[in-house]
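S.K.: Okay, here's what each chain looks like letter by letter:
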Amino acid sequence: DTAVSQTPKYLVTQMGNDKSIKCEQNLGHDTMYWYKQDSKKFLKIMFSYNNKELIINETVPNRFSPKSPDKAHLNLHINSLELGDSAVYFCASSQGTTPYNEQFFGPGTRLTVL
Amino acid sequence: EDQVTQSPEALRLQEGESSSLNCSYTVSGLRGLFWYRQDPGKGPEFLFTLYSAGEEKEKERLKATLTKKESFLHITAPKPEDSATYLCAVQVYGGSQGNLIFGKGTKLSVKP
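Chains as they are written, first to last, in the working numbering: chain A, 666 to 779; chain B, 30 to 141.
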C-alpha cells in the first residue's frame, strides 16, 4: 500500500563516510524530489528529477548526488559526510510538475552524522 | 527572493476553540499555494491546493482561503487529533520543475 517509501528510516554514521538513501514510489509518477528538513523543521528542496532531467538547487553541495536507476526510484548519495548534513531527508513524487499535481511524501530518513 | 512566512510558530487551543493559521507569501508569480499537515516522525500529508485569490477549499474541520498576499487555514471546533504541524508551500512561475517553497510551519496543539 505504501506510496512513497524510503530506506533506511534512521542512519547514524561518522564524519567523512559515504552513504546512500533509497527512495521508491509505486504511484507511476514521472517526477521525484528530495527535500531536506533541518533541526528547525524548515523543509527545503534539494533536487527534482523529471524524465531524466535533473534540476539541482544551487545551494546543495556537490557532495550530494541523486541517482535514478528507473522512473520509480531516486536514490540520494552523499560523499564525505559533514556534521551539518544531519537532518531528515524526504523523498516525494508527483505526476507532472504543475500545481494540479500534488506531491506525495515519503516517511523520511533521519541522518545523524557524528 | 520568493518567500513564505507562517504565523504563529506555535498555537495551543482547547478542544472546540476555533482559530486560524496564517501564511503570507512574497513571490514573483504564484502558480499555486499548498497546505500540508505533518505529524511527528512522518512526511507531510497533502491537504489543499489553492490557485487564485478568493478561492476557498474545505475538508472536515479545515477551511483554506487565499488572497493576493496570504492564505489562512481556519480550524473549526478542533479535536486533539488535529494536533500536528501545518505547513504552507508555494509553487511559482519560473521555478524549477514543480519545486515547492515551504514556510517553517505552525505547530498546533489541541488539548482535550
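Take the hints with a grain of salt, since some may be wrong.
[Unchecked claim] Some, not all, of what chain B presents toward chain A, calculated at C-beta under 7 Å:
#1 Pro-69
#2 Gly-72
#3 Lys-108
#4 Gln-120
#5 Asn-128
[Unchecked claim] The list that follows gives simulated cross-link-like pairs (lysine to any residue, SDA-like), each with its CA atoms no further than 25 Å apart:
#6 B:Lys-133 - A:Lys-717
#7 A:Lys-709 - B:Tyr-80
#8 A:Lys-709 - A:His-694
#9 A:Lys-705 - B:Lys-133
#10 A:Lys-674 - A:Thr-763
#11 B:Lys-71 - A:Glu-718
#12 B:Lys-86 - A:Lys-687
#13 B:Lys-140 - B:Tyr-80
#14 B:Lys-133 - A:Ser-704
[As the list claims (entries may be wrong)] Rough simulated footprint, nothing fancy, chain B against chain A, three-plus residues with beta-carbon under 8 Å:
#15 676 to 690
#16 723 to 731
#17 770 to 778
The set of hints was computed from the structure by calculation and includes no laboratory data.
Cβ coordinates follow ideal geometry from the N, Cα and C atoms, glycine included.
S.K.: Confirm or reject each hint.
M.R.: Hint by hint, here is what the structure shows:
1. Nearest Cβ of chain A to the Cβ of Pro-69 of chain B: about 10 Å, over the 7 Å cut. The hint is violated.
2. Interface hint status for Gly-72 of chain B: upheld, as the beta-carbon distance to the closest one in chain A is roughly 3 Å, under 7 Å.
3. Given hint, Lys-108 of chain B at the interface with chain A, is violated; its Cβ is 23 Å from that chain's nearest Cβ, farther than 7 Å.
4. A cut of 7 Å between beta carbons decides the hint on Gln-120 of chain B: the least distance to chain A is about 5 Å, and the hint holds.
5. Interface restraint check for Asn-128 of chain B: the shortest CB-CB distance to chain A comes to about 4 Å, inside 7 Å, so the restraint holds.
6. For the hint linking Lys-133 of chain B to Lys-717 of chain A, the alpha-carbon distance of about 30 Å lies beyond 25 Å, and the restraint is violated.
7. Only pairs whose Cα atoms come within 25 Å are accepted, and Lys-709 of chain A paired with Tyr-80 of chain B is accepted, the gap being roughly 21 Å.
8. Restraint check for Lys-709 of chain A and His-694 of chain A: the C-alpha separation of about 21 Å stays at or below 25 Å, so the hint holds.
9. A C-alpha spacing of about 8 Å is found between Lys-705 of chain A and Lys-133 of chain B, which places the hinted pair at or below 25 Å, so the restraint holds.
10. For the proposed pair Lys-674 of chain A and Thr-763 of chain A, the alpha carbon gap of about 29 Å is over 25 Å, so the pair is violated.
11. A C-alpha spacing of about 28 Å is found between Lys-71 of chain B and Glu-718 of chain A, which places the hinted pair above 25 Å, so the restraint is violated.
12. About 35 Å separates the Cα atoms of Lys-86 of chain B and Lys-687 of chain A, which puts this hinted pair outside 25 Å; it is violated.
13. About 33 Å separates the Cα atoms of Lys-140 of chain B and Tyr-80 of chain B, which puts this hinted pair outside 25 Å; it is violated.
14. A distance of roughly 11 Å separates the Cα atoms of Lys-133 of chain B and Ser-704 of chain A; the hinted pair therefore holds under the 25 Å criterion.
15. Given as covered by chain B, the stretch 676 to 690 of chain A fails the check, having 0 residues with a CB less than 8 Å from a CB of that chain where 3 are the minimum.
16. Coverage of the stretch 723 to 731 of chain A by chain B is violated [criterion: at least 3 residues with CB-CB distance below 8 Å; count 0].
17. With a threshold of 8 Å between beta carbons, the proposed coverage of the stretch 770 to 778 of chain A by chain B holds, since 4 of its residues qualify and at least three are required.
Of the numbered hints stated above, those contradicted by the structure are hints 1, 3, 6, 10, 11, 12, 13, 15, 16, listed in ascending order.
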